[in-house]
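S.K.: Chain residues, written in single-letter form:
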Amino acid sequence: MKRATITSIIILIFSALIFAQQPIAEKEPAYVSAEKIARHLAFLSSDAMKGRNTPSPELDSAAVYIAGEFAGYGLKPAGDNGTYFQKFFVLHSRLGQPNAFAIITDSSETAFDIKQDFVPLHFSANRQIVAPVVFAGYGITAAKYNYDDYNGIDVRGKIVLIFTHEPQEKNANSVFDGEKLTDFSKPVNKAISAREHGAAGMIVVTDPNHRFRRPPNPWPSLMRISPKGGIPLTLEERMENKIVAVRTGKNLAEFLLDGTGKTMAELQTLIDTGLQPHSFEIPGKKIKMETHLNYDRKPTQNVVGLLEGSDPLLKEEVIIIGAHYDHLGTRNDTIIYNGADDNASGTVGILTVAETLAENNLHPRRSILFCAWAGEEKGLFGSRYYVDSAPVFPLENTVANMNLDMIGRNDSGKVELEGLYSSAELAEIINQENEGVGLKIVAKKSSAGRSDHASFLRKGVPAVEFFTGFHPDYHQPTDTAEKCFPEGIAQICRLVAKVSLRLAIDKKRPAFTQRKEN
Amino acid sequence: MNSKNRNRYIAISSMILLLFILWGCASQKAFWGSADSGFILNYRMEKGDILQYTISGNVNQSMEMMGQSIDTKTDFLSKYSIKINDINQQKNFLTTITIDDMSIKVNSQQGVINPDLSSIIGKKFGLTASPKGKELEYSGVDSITINMGQMAGGKQSVKNYFRDVFTDLPKKPVKIGDTWTSKDERTEPQGGMQVHMVMDAKHKLLGYEEIDGMACLKIETKGKGTLDGSGERNGAQLSFEGDLETKSTWFFAYKKGLLVKANSDSFMEATIAVSGPTDMTIPMTQETKSGLKLISPPPKK
Ligand SMILES: [Zn+2]
Ligand SMILES: [Zn+2]
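The listed protein sequences correspond, in order, to chains W and L. Numbering-wise, the first sequence is residues 1 to 518 according to our numbering. Numbering-wise, the second sequence is residues 1 to 301 according to our numbering.
With the rest of the complex left out, here is chain W:
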């Protein structure tokens, strides 16, 4: 009997292992009802939510609602300090006083005009500096591209004069990811790099490839007819030890280069053709510059819940199911942009997929992270913050992102997908799993919008957006719940759940394909 018992235990272990090899997706889970979907949708897009603006108390209430649901399904909190909330800050910035810029030589001091000649960048430090200037190409140090504008120059305590964007920007074969701009081109990353090299200040001038002659003005207060609003809302950049940073026009830059025997266009051509730095200190000139900005800093948050993988190794890899839960808020506090399709529908989508996967004891091998993003409407803030500053799992362990944005108008069994080009294997899995769901899948027609999946694509993670099409209510107060189709949302959620499980089970991860254009 003893032997028999051991044998049966062994058999049990084996069968368990065999069972574990079976595609779990073949087991048809119990799905969330359309009635429940309709209830979530009605709540999130109700007038009480006041359009879920970022940041707003109503968005915070929506976050609490989502976190409550996550907790109910037994998802693990994956946010800050054991909560479901991943907090970040947004800034309303205004131009303060004073802001000044002058070029100093032994015999003269030439002052320049704000707006006409220079504008402070939104992350500039509030102080005055006086220092010599070093032309530092594009201001990029990129070991992965074997490129360093700071090679052979000493910028400590000095001000760097740099171009916008990146080398070979208009070249499809550029090592800097073809014609697509890489993260190195971002002004804030250039400022961080300048600071790391010891610079005290940064002057960014439009590279000669582009037409701006003056510094593009982001400050409404500098406009001739002062607009009612338009105060830029930005994602707070994680920067310690800010430096003084301004954007200048071409005149000012040429004035600085005058006497060096070089023009901006020549320098750009030299750098772009050889991919070698042509940095040098500009002799005989110093710059005195001063910026002052006032910030109104407000917290907001992503909501993140984790369904932990069952495999001790694979659980370190993650599939991210995301949707932005913010929308446009109100107009003058009276007209409410309910945002039922955009994007209460996608938010309900992640709740529905989370409940389906968590409550059917499906035990996916890889982990699945459910993310409700804030600030998408302001410029993908939530997903940008996640990928740039606070990924729960390392991005190299992130298998794929599925983004649900506007999935509420599926009344004919059709869904548009954006991002399929990012992974042929992911596209294949979606098509296979769709056999049991029966949606008509079409490539998204209007690629006008890039939603939060773009943040993942930017980092080389396969990512696909699910979308049911534009309509006249898009970004209008008329985007309301009764125009959405809960059954249609349920159908899309079935597909997303099946694909999530496949991604969580399959040994092989879908490979990422870089898109050439865009």
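To be clear, the hints were calculated from the coordinates, so they are not data collected in a lab. No experiment lies behind these values; they were computed from the predicted model shown. Note that beta-carbon positions come from the ideal geometry of N, C-alpha and C, so glycine has one too. Some hints could be false.
Claimed, not checked - Keeping only pairs whose Cα atoms sit at most 30 Å apart, straight-line, the calculated DSS-like set for lysine-lysine is: (1) W/Lys180 to L/Lys289; (2) L/Lys73 to W/Lys444; (3) L/Lys73 to L/Lys159; (4) L/Lys132 to L/Lys255; (5) L/Lys175 to L/Lys293; (6) L/Lys222 to L/Lys256; (7) L/Lys79 to W/Lys180; (8) L/Lys204 to L/Lys79; (9) L/Lys183 to W/Lys115; (10) L/Lys105 to W/Lys170; (11) L/Lys73 to W/Lys250; (12) L/Lys171 to L/Lys105; (13) L/Lys132 to W/Lys115; (14) L/Lys293 to W/Lys262; (15) W/Lys115 to L/Lys289; (16) L/Lys289 to W/Lys170; (17) W/Lys414 to W/Lys444.
As the list claims (entries may be wrong) - Listed next, with one range per pair, are the computed distances between beta-carbon atoms: (18) L/Tyr138 to W/Arg238: 51 to 59 Å; (19) L/Gly177 to W/Arg94: 46 to 54 Å; (20) W/Gly259 to L/Tyr138: 49 to 57 Å; (21) W/Pro299 to L/Asp71: 29 to 37 Å; (22) L/Lys289 to W/Glu196: 50 to 58 Å; (23) L/Thr179 to W/Lys170: 34 to 42 Å.
Add chain L with the ligands to chain W, keeping to what the hints say.
M.R.: Chain L with the ligands alone, transformed into the frame defined by chain W:
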């Protein structure tokens, strides 16, 4: 989705595009002032004359947001005929304009907008103009609209494309080498905004040139101006300001009293502030190149 940003850019960009197709053409419009005794420039068409023109050109627009450039290129082409129905007691020309052909193609990173203009081809409207090229009265033009599609600002009046059929001619006689200045100021509705334009121009009569067998005067116009506007669009409050530079070269058949050819370049740098339900400030530049040509002169008498 954040096509909000992108789509709104497209919407705004198209609006500004249309705005500037207009002002681009407007820069062709002479700001011609005066000089001493020289050529007296007047339109001298006769009753029954039919003039056919083409205008073609392109607009390159670039906007910047979060360090990224959003570029749009628009090509436009139109062909139209001016029929002189009558000349009234004040010597003004009573004309009918027929839109013989028209196309607009907007290329952006987001795709191509190619509005179907077939419904407006063949449409006619009335225009009364003075011998000095002042456009005095339009009739029946407001009902002719171009639908740019939901994402690109919806319906636009075709009037914007035919606002400068005639060119303002200098009131006083002008001689070769003469320069003169002029100022033009107008406020017009554009894309949901009231746009105020002030333009200062400097003109120079450069010399003679024969174009298609017609003796023409060659005139250069350089203008500097400002544009300011505010208004509402799709529930957003918009403020707009731009600085504009233009350069045009004109050929006027002074004996026949006809505009024969014009080439114009303009460059604008602008800021658009958008507020509620989303706040943003969008810097932009726009370069416009356009050319006008008389392709079918009136029958010789
Ligand atoms: Zn959305
Ligand atoms: Zn949206």
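S.K.: What hint numbers does the structure not satisfy?
M.R.: 7, 12, 13, 14, 22
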